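Protein chains in written order, with UniProt numbering: chain A, 1 to 237; chain B, 1 to 237; chain C, 1 to 237; chain D, 1 to 237; chain E, 1 to 237; chain F, 1 to 237; chain G, 1 to 237.
No false leads were mixed into what you were given.
A partial selection of chain F residues facing chain G, derived with a Cβ cut-off under 8 Å:
id, residue
1, F17
2, T124
3, H126
4, G155
Rather than coming from a laboratory, the hints here were simulated on the basis of the structure. Model, not experiment: these values are computed from the prediction. Glycine is no exception: its CB is placed at the ideal position from the N, C-alpha and C atoms.
Take a look at the letters that make up each chain.
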Amino acid sequence: MFPAAPMAGYDRAITIFSPEGRLYQVEYAYEAVKRGMTALGVKAVDGVVLAVEKRSASPLVEGTEKIKMIDQHVGVAFAGLFGDARVLIDQARIYAQSHRLVYGEPVPIELLVKRICDIKQMYTQHGGVRPFGVAFLFAGVDRKGVHLIQTDPGGTYLRCKARAIGTGAQKAIDLFTREYTDNIKIDQAILLALRALKESMEDGFTAENIELAKIDVYDRTFKIFSTSEVQDFISKL
Amino acid sequence: MFPAAPMAGYDRAITIFSPEGRLYQVEYAYEAVKRGMTALGVKAVDGVVLAVEKRSASPLVEGTEKIKMIDQHVGVAFAGLFGDARVLIDQARIYAQSHRLVYGEPVPIELLVKRICDIKQMYTQHGGVRPFGVAFLFAGVDRKGVHLIQTDPGGTYLRCKARAIGTGAQKAIDLFTREYTDNIKIDQAILLALRALKESMEDGFTAENIELAKIDVYDRTFKIFSTSEVQDFISKL
Amino acid sequence: MFPAAPMAGYDRAITIFSPEGRLYQVEYAYEAVKRGMTALGVKAVDGVVLAVEKRSASPLVEGTEKIKMIDQHVGVAFAGLFGDARVLIDQARIYAQSHRLVYGEPVPIELLVKRICDIKQMYTQHGGVRPFGVAFLFAGVDRKGVHLIQTDPGGTYLRCKARAIGTGAQKAIDLFTREYTDNIKIDQAILLALRALKESMEDGFTAENIELAKIDVYDRTFKIFSTSEVQDFISKL
Amino acid sequence: MFPAAPMAGYDRAITIFSPEGRLYQVEYAYEAVKRGMTALGVKAVDGVVLAVEKRSASPLVEGTEKIKMIDQHVGVAFAGLFGDARVLIDQARIYAQSHRLVYGEPVPIELLVKRICDIKQMYTQHGGVRPFGVAFLFAGVDRKGVHLIQTDPGGTYLRCKARAIGTGAQKAIDLFTREYTDNIKIDQAILLALRALKESMEDGFTAENIELAKIDVYDRTFKIFSTSEVQDFISKL
Amino acid sequence: MFPAAPMAGYDRAITIFSPEGRLYQVEYAYEAVKRGMTALGVKAVDGVVLAVEKRSASPLVEGTEKIKMIDQHVGVAFAGLFGDARVLIDQARIYAQSHRLVYGEPVPIELLVKRICDIKQMYTQHGGVRPFGVAFLFAGVDRKGVHLIQTDPGGTYLRCKARAIGTGAQKAIDLFTREYTDNIKIDQAILLALRALKESMEDGFTAENIELAKIDVYDRTFKIFSTSEVQDFISKL
Amino acid sequence: MFPAAPMAGYDRAITIFSPEGRLYQVEYAYEAVKRGMTALGVKAVDGVVLAVEKRSASPLVEGTEKIKMIDQHVGVAFAGLFGDARVLIDQARIYAQSHRLVYGEPVPIELLVKRICDIKQMYTQHGGVRPFGVAFLFAGVDRKGVHLIQTDPGGTYLRCKARAIGTGAQKAIDLFTREYTDNIKIDQAILLALRALKESMEDGFTAENIELAKIDVYDRTFKIFSTSEVQDFISKL
Amino acid sequence: MFPAAPMAGYDRAITIFSPEGRLYQVEYAYEAVKRGMTALGVKAVDGVVLAVEKRSASPLVEGTEKIKMIDQHVGVAFAGLFGDARVLIDQARIYAQSHRLVYGEPVPIELLVKRICDIKQMYTQHGGVRPFGVAFLFAGVDRKGVHLIQTDPGGTYLRCKARAIGTGAQKAIDLFTREYTDNIKIDQAILLALRALKESMEDGFTAENIELAKIDVYDRTFKIFSTSEVQDFISKL
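Chain A on its own, in the form it takes in the complex (with noise of 0.2 Å):
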């Protein structure tokens, strides 16, 4: 996939540009978040909704949650490496609640966003360390609504109607691309996320392999189903 000669050691070094214009490590990086299991968000008028792929690769093994609440109005997935997702998650969590504490009100979601970006930035700029290898979709409502927001390894972020990333994110964003409607409501969006997970999943789409969690502007509280009420809305499909 990547020819030897011409690239002759500048995807090795962080801080190099190709002559191209490239930076190899950064996208070697997003390499790994492809090998990671699929995530994927769908926007609502009223919401906003996130869903994981979580099988483990063995019954003895539970799944890695890959849904995570940063602050009560926002919460995050995520597709890449585990360890480098945690590393960034914790620095989100401290952002938002010092902002709750100096401003006394909720962290506004792109500002929280920007502030994750920067520090992935940060270390593709810099010699002595290699870039984040993962991606998050972080869902949230705050004053200026709704929001889906992609990252990337590069510090690179996207505001998205729907959105998918890991192994089986184009299948998803084919399904996207066909039946996402501007004015999709919170409750047919759990069911546009779950069709697209079980679309990216090849088998094992069960509520056991899955995560799913959704914000809406009503409560303005992140909430992660149970087992048990992602069966519920697998039934609905």
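We have chain A; now place chains B, C, D, E, F and G onto it with these hints.
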């Protein structure tokens, strides 16, 4: 494009001159700028205009905003790496605010640009970092008048009358060379900017895919137009 | 096993992703774990068991203890480099003690594991260090119940029901897969752990060559069994 | 021009002497100076003149100013990297101001030059940085009289009577060698400087493409001429 | 012994794992130990013995002492680089003294050994240093009883009954394997140690070329024997 | 002159000995000294003389001064890199002044030389810097008498009777060897120095191209002669 | 002498062991010692003698002194790099003085030697520096008696009866081996030292080319002999 033999390593470390006195890493960083979407600016006698392409890769993802206000009297458009741009824009905003606080007046625009260029230069001379892969077009009005200034990854800046950077820059510059006149007024400048952007974008020239901003000498306030306002300008073309 | 050509240097520096998004140094550190003697754990409804092989290379050298108590309510078994393990175990003990001191209660086990994994992750992202060549099985009981958690050299952790690491891990896991049941009691879990360890050791399965520990929900005290107690359990097999 | 074999790496790291005792990186930095537009100076008995080419690549871009005032009694022209020059010019201005503040009088010009050369030297001896790719011509009047001093990237400086640096330097120096006389007066020196600049520029010798400055012993004030003043001088040629 | 091809660089930097999970630099440091003169120890029920070869290369140079007292109740013998050993022995003495000062009692021997091993481990995980090329045999008596503990360059330690390190280690270990018994008394242990040392030295087994020390549970004082005392023991062989 | 094969890298990093125990970088720095213009000194019974060639490359550029006063009782001549020399001369002046301030008397000359040599040595032993490419001849009079001391780039110094460094050093030394006598007086020493300098310069031996200085035991004041004084001495040859 | 292939890089970086457990850089530093002029010492029952060759390359340059007093009761001779030696001798003098100040008595000589060896060892284990290219012979008298101790570049030291280092060391050692006796007196030791030095110098054995020093148990004062005193001793040979 770059023959391997004559360079033989001079292009791999930022702190090294080639035998011809070139800094390849800075030149490669400029390639990252050339890969960015087109951004352009036109200076009029009574104001200055910025216009950028913000086309999104997918209808489910919002295009990334590439025009940002720095302070009331100055804004910026960029081409290149989003994460790198954000870091420098934050620096610019902090610098502008602290100047206002200390001196009680808006930061002179060339001083602001020099500050950003000093940061950029530092990243081309010290080891362990890479240059910033981003170019800016600063547009503003201060005591000295109307300014359109371009910065490049090496820390150089140029005072311009009309200028474009990014993928479609050459087509826009060709148009400017043919049609720009020194006594252009802000209203004409807006239309010239839009025509140049249309020329540089191969397709997809619609209000949704465009950002447009201006500042004039009358209210000295940087204004980013809404999509419907952009649509109105497009209708006038 | 690793063909030289396609890697060409991506596996030599910790801070570098390979083109496929892999961190070879972390994977090689896991090889150090696989070369360690087998350690395993079994979670029961009312407690959790750890068992390790501590066979010595010579009758004149005592086998190295590979089960350590961290705090009264939690212990750990490891496979991999002894020196690396000791450094992290010291960190875990200090963290547990300072938590007790500050909050007046035992450290939640998952929090403790996260702390150790944060240290591990840091050693995979920053230059000038190598990853820790050790994997742990943490076993403990806290307010949330019974825990068996595995950590790997990259800073990832997995919540497990039954798990083995080191040289003979696969044989033990195969046995667990066939025979582990969710409603297993601590007494049965001890016997299952011993059977799995016997399976994974090719010979030398004697009380002298084994370490065995458990903690249950009744007295919530991590207990490492004496050689004669281990002998008693072996007789029951 | 530089045969690859005999150098074999001696030219790639700043802190290394070649077997012949040369510092290639410093020599390459001088190549960056040679690629810059011509700057020149002429010392008269009663003052000193600086002249530079500031031709722009495009009519839509203003030429970059390459003559800067440092303090009332001293100014500078440069050839080479714009960003590098600006960093050192800022240092020179700060040093001149702080000298005025501390000692209540203008900084002696040779002291100022030494300060800049000390910074330049430091960047040739320590690892992790590259030399400054810029040469200066300092022109000023102080208690000791009239000064024209050139600095190079290695931190050496030369006291000169007439001197040129950059792309067209040799042609200008040839003219100076033929026509410079020690008893030249400032008015003649201006004309000599313009003739030398004309000689070194292949075409485009117009007032718009030229910067001209002087300082004399009568008012001891560094003065950069306006375009119309330059035009007047050109008419006298 | 080490084929060049498969290693290809994994053995040159301390912070790097080989694909098999090995740390070659630590293994090479152990080679420095193997090149050192033989040092050995024998644990008895009522004490422990250390013996080392201190043969000198020339009659005009005194053999280097390789048994050192750390504190009254503990001493050490080493094989490997003299300079490295001295640095760690100084650390051990300081640690022992400060423990006595703070807690008012002799430092527990295993705690002391862990401290030294922590330093050793650190030098195997961080860049810019090499591992210590020395192995120790600590011998001492504390509240927990009699101790003979070996440390290696990687920071691992082993509790031993009888152990030898350095050039002639294998011959000594073979003898120990044949003749060591668990109920050995200190007087017999001295003779066994001398026999093992004689076996491991090919010639030159004289009192002048030997260092011998013991500590027993009766007076708990580490004693290095004089040459004439060693001669007396040799006569008993 | 240096065959490529046997060195194979030992000459590229300052902190490395070659297999023969040589420090190539220090030797290469000495090549920079050899490329410098000739500087020489002659010690008489009642004083000491320094003389250097300061020929300029062009009549429009003044030759660089290579004799500097350090303090009233001591001066220095150098050959090699101008920028490097200036840094060390500044250090010498500061050291001499602070000694005068603290102890109330002139700095002993050998102490001053040692200080400069300590700095030079440090730059040959630590990574990330290169050695200073300059040699000095210190000349002075203190309580212990008359001193002529040479320093080299490695930090070694030699007490000399008559000595030359730089391009023409060998010719001057040959003359000294033939004609220097231990009972030479300062007036004769000046003439001997001039004759040696004439011998070492192939042409251009005129008062303008020469610097000459002396210090004697009568007034103990370092004096640099003016061009007309030099001319007077030349007439006496 | 060193075949290129088997080393393949192990000899280029100080912090690296070769597969055989050797530190090549330390060994190469010892080569620098072997290239130094001969220095030797002889221990008598009532004192100790140092003698060195200080032949100069030219009659116009004084030979460099290689015997230095550290404190009244101890002196040192060295072979190897002059600059490196001076740095360590300064450290030794400071250490001796501060010991006198703090404890009110002369520094024990072995303690002083250990201090110097600790510095030497540190420069063999940490990156970014090279080892010291110098060996010392310390000679002194303290409470414990008469001492002659050699240190090498790796930080090892040896207690000696008679010892030589540098270019002619082997010839001197051969003489010592044949003629040294344990009951030698200081007067005989001086003559033995001179004979050994004569043997090791191929020609030029004159009082001017020799340094000689002694310390005895009667006045415990390190004394460097004058040239005429050396001549007297030579006459006695």
